[in-house]
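From first to last, the protein sequence lines are chains A and B. Each residue of the first sequence is one higher than the one before, starting from 1 at the first, in the working numbering. Each residue of the second sequence is one higher than the one before, starting from 1 at the first, in the working numbering.
Calculated from the structure, these hints are not laboratory results. Incorrect hints may have been included.
Copies of the same chain look alike in the list, so a pair counts if it works inside one copy or between any two.
[Claimed, not checked] 25 Å max Cα-Cα, derived DSS-like pairs, lysine-lysine:
(1) K73 / K85
(2) K73 / K134
(3) K73 / K121
(4) K30 / K121
(5) K72 / K133
(6) K121 / K68
(7) K108 / K72
(8) K73 / K30
(9) K53 / K85
(10) K85 / K21
(11) K121 / K72
(12) K121 / K21
(13) K68 / K30
(14) K21 / K92
(15) K68 / K134
(16) K43 / K92
Here is what each chain is made of, one letter per residue.
There are 2 protein chains.
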Amino acid sequence: MNISHIEHLGIAVENLEESIKYYEGVLGLKCYAVEEVVDQKVKTAFFMVGSTKIELLESTSPDGPIGKFIEKKGPGMHHLAFAVKDTDEALKTAEERGVQLIDKVSRKGAEGLSIGFLHPKSTHGVLTELCSKK
Amino acid sequence: MNISHIEHLGIAVENLEESIKYYEGVLGLKCYAVEEVVDQKVKTAFFMVGSTKIELLESTSPDGPIGKFIEKKGPGMHHLAFAVKDTDEALKTAEERGVQLIDKVSRKGAEGLSIGFLHPKSTHGVLTELCSKK
Chain A
1 MNISHIEHLG IAVENLEESI KYYEGVLGLK CYAVEEVVDQ KVKTAFFMVG
51 STKIELLEST SPDGPIGKFI EKKGPGMHHL AFAVKDTDEA LKTAEERGVQ
101 LIDKVSRKGA EGLSIGFLHP KSTHGVLTEL CSKK
Chain B
1 MNISHIEHLG IAVENLEESI KYYEGVLGLK CYAVEEVVDQ KVKTAFFMVG
51 STKIELLEST SPDGPIGKFI EKKGPGMHHL AFAVKDTDEA LKTAEERGVQ
101 LIDKVSRKGA EGLSIGFLHP KSTHGVLTEL CSKK
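Only chain A is shown next, with the shape it has when bound in the complex (with noise of 0.2 Å):
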């Protein structure tokens, strides 16, 4: 598996521009990208705290996967993404090891990475991502 850090960390917000103001002029951390995914429905915003980057999403519709995951918890962690050598490798790791799927191939990410998402149901409650360079 090779998990060497956690690459990221996402977060379901119900505003980003409420939440770029608390992140920077409160907590004092700095936002160095605002992107749209718009096959995912969310606007997203990146800071770097230490090795670890923060992602705030915001749905942009709300039957998109953050519209729908703020409706059933409310805003807060959405999941939690696992810095691996090779994404491809680990899913594979992962699957002989008995965890369900979300991405049986990886797949490309924000900033150009190789993703993949293992299934909620086979973690202990948390979405996690796997991601790497390769």
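With chain A's structure known, arrange chain B on it following the hints.
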């Protein structure tokens, strides 16, 4: 505020033993400590991932904070802890910047750290902890 990195991520689980099996057996992380915190009504297990700890939390009572959290939202990520230079100074700064505090002054947490919590009403839904060695 002086946040250097994410000190730990607290994850509420229904069964600590089964969850440790997943974090060790599937993700390949190593549990380095298991501890019961009687006044918080939890059993905890710690893993190091890069410079961040993962803290699994199993409730020892349905009326404890983790028991209530799981009843309301299900198992999953519970709180986010930032490492700061001085928890008391950071709490004071947060309050001056309009944040509602759970802890007005720091108290002693796991591993002898000074800790204090910000209220999720003021942090866009994320129960946020500040920790320092001081």
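Outcome of the hint check:
no., hint, in the structure
1, K73 / K85, "neither (32 Å within a copy, 32 Å between copies)"
2, K73 / K134, "neither (33 Å within a copy, 35 Å between copies)"
3, K73 / K121, "both (16 Å within a copy, 14 Å between copies)"
4, K30 / K121, "between (34 Å within a copy, 22 Å between copies)"
5, K72 / K133, "neither (33 Å within a copy, 37 Å between copies)"
6, K121 / K68, "both (17 Å within a copy, 20 Å between copies)"
7, K108 / K72, "neither (27 Å within a copy, 34 Å between copies)"
8, K73 / K30, "neither (27 Å within a copy, 30 Å between copies)"
9, K53 / K85, "both (18 Å within a copy, 20 Å between copies)"
10, K85 / K21, "between (34 Å within a copy, 22 Å between copies)"
11, K121 / K72, "both (16 Å within a copy, 17 Å between copies)"
12, K121 / K21, "between (34 Å within a copy, 15 Å between copies)"
13, K68 / K30, "neither (28 Å within a copy, 34 Å between copies)"
14, K21 / K92, "between (40 Å within a copy, 18 Å between copies)"
15, K68 / K134, "neither (31 Å within a copy, 41 Å between copies)"
16, K43 / K92, "neither (30 Å within a copy, 32 Å between copies)"
Violated hints, in rising order: 1, 2, 5, 7, 8, 13, 15, 16; the structure is consistent with all others.
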